[in-house]
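Undergrad: Chains A, B and C supply the protein sequences, listed in that same order. For the first sequence, position 278 matches number 278 in our numbering, and the numbering has no gaps at all. For the second sequence, position 20 matches number 20 in our numbering, and the numbering has no gaps at all. For the third sequence, position 226 matches number 226 in our numbering, and the numbering has no gaps at all.
If you are wondering where the hints come from, they were derived from the structure by calculation, not from laboratory data. It cannot be assumed that every hint is accurate.
Claimed, not checked - No farther apart than 27 Å at their CA atoms in a straight line, the calculated lysine-lysine pairs in the DSS-like style are these: (1) K179(B) to K135(C); (2) K281(B) to K133(C); (3) K133(C) to K180(B); (4) K281(B) to K184(C); (5) K180(B) to K184(C); (6) K180(B) to K159(C); (7) K180(A) to K280(A); (8) K280(A) to K39(C); (9) K280(A) to K184(C).
Claimed, not checked - Covered by chain C, according to a simulated footprint, are these stretches of chain A (three or more residues, beta-carbon under 8 Å): (10) 28-38; (11) 193-202.
Claimed, not checked - Residues of chain C placed beyond 12 Å of chain B at every Cβ, according to the derived structure: (12) A37; (13) L84; (14) T138; (15) R219; (16) R240; (17) Y242; (18) Q247.
Every residue gets a Cβ at the ideal spot worked out from N, C-alpha and C, and that includes glycine.
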Amino acid sequence: MRDTLNGTSYQSGSARPSSGKVSIRNVSKIYDPEGARVVALDNFSIDFAPGDFLAIVGPSGCGKSTLLNILAGFDTLTSGEAYLDDELLASPDKPPRPGADRVVVFQQGALFPWKTVLDNVTYGLIKQGLVGRKEAEERGIAMLRSSGGLDRIAGSYPSQLSSGMQRRVEIIRALINDPKVLLLDEPFRAMDTVNKSTMHQHLLNIFRDNPKTIMFITHDLEEALYLADRVIVMTTRPGTVKLDIKVDLPRPRSREMMASHAYIALKEQTVMAVREEAQKAFERGEREMA
Amino acid sequence: MQEQASAIAVDPVAGPTTATAAPAASVHAPRRRKMTFNWRGLVSIAVFFLAWELAVRLRLPGFHELPGPITVARVLVQDFLYSPGYWESWAISFKRVLLGFLFAQILGVPLGLLLGTSRRFNAIVFPVFEMMRPIPPLAWVPLSILFWPTNEASIVFITFIGAFFIITINVYDGVKAIKKEHLWLASSLGAPRLTVFRRIIIPAVIPSIAVGMTLGIAVTWNVVIAAEMIASDSGLGRLTWEGYVSSTLPVVFVGMISIGVAGALSTWVVDVIEWRMMPWKRR
Amino acid sequence: MAAAVGELVGSGLYKTYRAKGQAPTAVLADCSFRFEAGKLSVVMGTSGCGKSTLAYILAGYQRPDRGTLTMDGAPVAAAGSDRLLVFQETALWPWMTVEENVLFGPVSRGSSRQAARPKAAELLDRFGLGDFKDKYPTQLSGGMMRRAELAQALVNNPKVMILDEPFRGLDVMTRELMQEYYLKLFEDTHLSTVFITAELEEALFLADRIYIMSDAPSRIVKIIDVDLPRPREIAVTVTRRYAELEQEALDALYAGRELEAL
């Protein structure tokens, strides 16, 4: 089943969601235009189709987080437009606002430490007033259960959980609001190899059961290739698209696949591109310090 | 948001890591932001004085005995600003603060260091120290008057007590807080004990000494004013008290303002000293 | 070339922490290893296993409860400048300049500043810090601080360098560059190195041999010879052999560990 928008092929059997089409057209972001004038994003354009798993990689400071913040509604843009499902999401005249249709999972724990897991998960639903408490809790328990039996920790507090479990709860909290787009900003950064791999499996399972448009920012190139349908390599500041790599590997993804020719070829392409940009960034940085 | 940003090396190229903050370092030469003057603050100060004057003029409850700001200003300029007696009070209070503070440093810093580095010394001395620490400085006044031969000595002793415990405890905590890696590395590199003490431990506690100084100077002023009111016939505290006792109330206000300015001045001096003590913290 | 020095052999090491009011935690149990001289040995495991404890014992900051540790055949215990440890967090003394930090070792052991300066300057230049010798550590970036610490250690001519997740807090690009830095240093000098990390990619990129540690109470459970060619370059991470070694290591890391029920 090929999508004509960008040619990403989808494993048959996974339904495409009906919403979550994102269009970013010539977006630029300049910080402190009267003063230091830092151009974080410069004429950045991409389109992604509903249900795409998009990974964004690039050297530090290339503007990855800025892009995510604009989409999520935490930051304004200086020029250009962003559209969600063909509706204008953000433009210089229309400051974007956070919404339940685009939910973010951050790098550090954002669970409320004084609420139980279940209360954390249902918080958004109840706050929005879409459903009553009882129904929210039922949905919460159902989602927790289907995510590897997490319903057994529904009454625990975040501090009692491992960081991996906290991450999973956060992802469920994001998904229970049925957002159109799920945004993840280096969510597994602080984890070591083994825990990270476990999280990857969980995320992919969720993606399989709950197809959504996902934008995933990371520094870990192997992680990007393992998880995503498309990997966007950004240039160093000012950030724009350097390379748009289609990851044509079959789903479900497996660890052994990382030894295949196709994977290694993709990895080489990605690694070289990121490295080139990172070298430029590093040299500029050290020059600035001296 | 990425709270880890502070633990991760601050790379000048690493751009914005929080949603709304602009990056700390920039690609291009930084241009100064225009300083915006706090007009609102100025207005609120003016309103404060206006309200005070009005409250007095309108004889609001509690205010009918009090002078307004204009009266106070007049008394300050006419009767005090050019009177040598006034400036003598300044000198006397300052001297007491300085002496008490200095003695507290001279005794407190070594005591704190010893408590932190010698387990035996700590076991013997710390219980007695901790027993006396909760006693507020002013509670020492009667004992101090009885004990010391001169009035001046008893007042300086009170200011000393005020700063002494604070300074000692801060230095002691500072020693306890030294990162073990700093000491381990020194031992690996073959540094003898005295070198470690001189080049690692002492510089490591300088920030704690600085904290002790800042807290100490504030306490010393509090204490000296009260001690003067109770036990002395000179100084800014006495001046204030006499204004009250002789019902020349503008003098009370003059006294308060003077003490406030003196305290601010002392804090500023201490800040400058601290800034010079820690060249590595300036950047 | 002179015979390489700095072989560290540990035999049956045990270490348990006993904190007041808490149950004792066994960190190392029957941990044995042989880190060969002139090789870059990488110890790998998840966070929370006894890797740092092992580092402290190797450096002499802590003593094992049981077991023996020898260097080049002779037992070692106390900390000394023959085995220097670079910690996870910087141990540079913030109140001393970079140069002062580097000179500290030689000067503390009796050398004069004059005598020690040339070597310090040479090392700092080599690490690209020549212009920064009069700056304070707080004025340096994370990567620069780490390089300064390497200079600080190397000026003492240690036989073994122990590095405990030294690049952990750095951003990814700096981290990769630091890895290349250390690799170049190692490949020039073959200074015996024990490098501890939780990142598999880092381990594969640097190591001659990877020693995989189990979770606490930890011991070395698998040894993988990394026969990738030296000098190592980034291109080696996209070769077939690299991928094979990666799988082998992941298998060992996952062995006995169940994925949480799906």
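Undergrad: Check whether three or more residues of the region 28-38 of chain A sit with their beta carbon closer than 8 Å to a beta carbon of chain C.
TA: violated (count 0)
Undergrad: Please settle this one: R240(C) was flagged as non-interface, so is its CB more than 12 Å from every CB on chain B?
TA: The claim stands: R240(C) keeps its Cβ more than 12 Å from every Cβ of chain B (closest is about 33 Å).
Undergrad: Is the Cβ of Q247(C) more than 12 Å away from each Cβ in chain B?
TA: Nearest chain B Cβ is 30 Å from Q247(C), so the label holds.
Undergrad: For the pair supplied as a hint, K281(B) and K184(C), is the alpha-carbon distance within the 27 Å limit?
TA: Not satisfied, since the Cα-Cα distance of roughly 34 Å exceeds 27 Å.
Undergrad: Compute the least Cβ-Cβ separation between T138(C) and chain B, then decide whether it is above 12 Å.
TA: 6 Å, violated
Undergrad: Take a quick look at whether K180(A) and K280(A) sit within 27 Å of each other, Cα to Cα.
TA: 36 Å, violated
Undergrad: Within 27 Å, alpha carbon to alpha carbon, are K179(B) and K135(C)?
TA: 21 Å, holds
Undergrad: Within the assertion that chain C covers the region 193-202 of chain A, do at least three residues meet a Cβ-to-Cβ distance smaller than 8 Å?
TA: holds (count 7)
Undergrad: Is K281(B) close enough to K133(C), meaning Cα to Cα at most 27 Å?
TA: 17 Å, holds
Undergrad: Against the 27 Å threshold, does the CA-CA distance of K133(C) and K180(B) hold or violate the hint?
TA: With Cα atoms ~25 Å apart, K133(C) and K180(B) stay inside 27 Å; holds.
Undergrad: R219(C) clear of chain B by more than 12 Å, beta carbon to beta carbon?
TA: Non-interface label on R219(C) holds, nearest chain B Cβ at 25 Å vs cutoff 12 Å.
Undergrad: Could you check that no beta carbon of chain B comes within 12 Å of the beta carbon of A37(C)?
TA: Nearest chain B Cβ is 20 Å from A37(C), so the label holds.
Checked against the numbered hints given earlier, this structure breaks hints 4, 5, 7, 8, 10, 13, 14; the rest are met.
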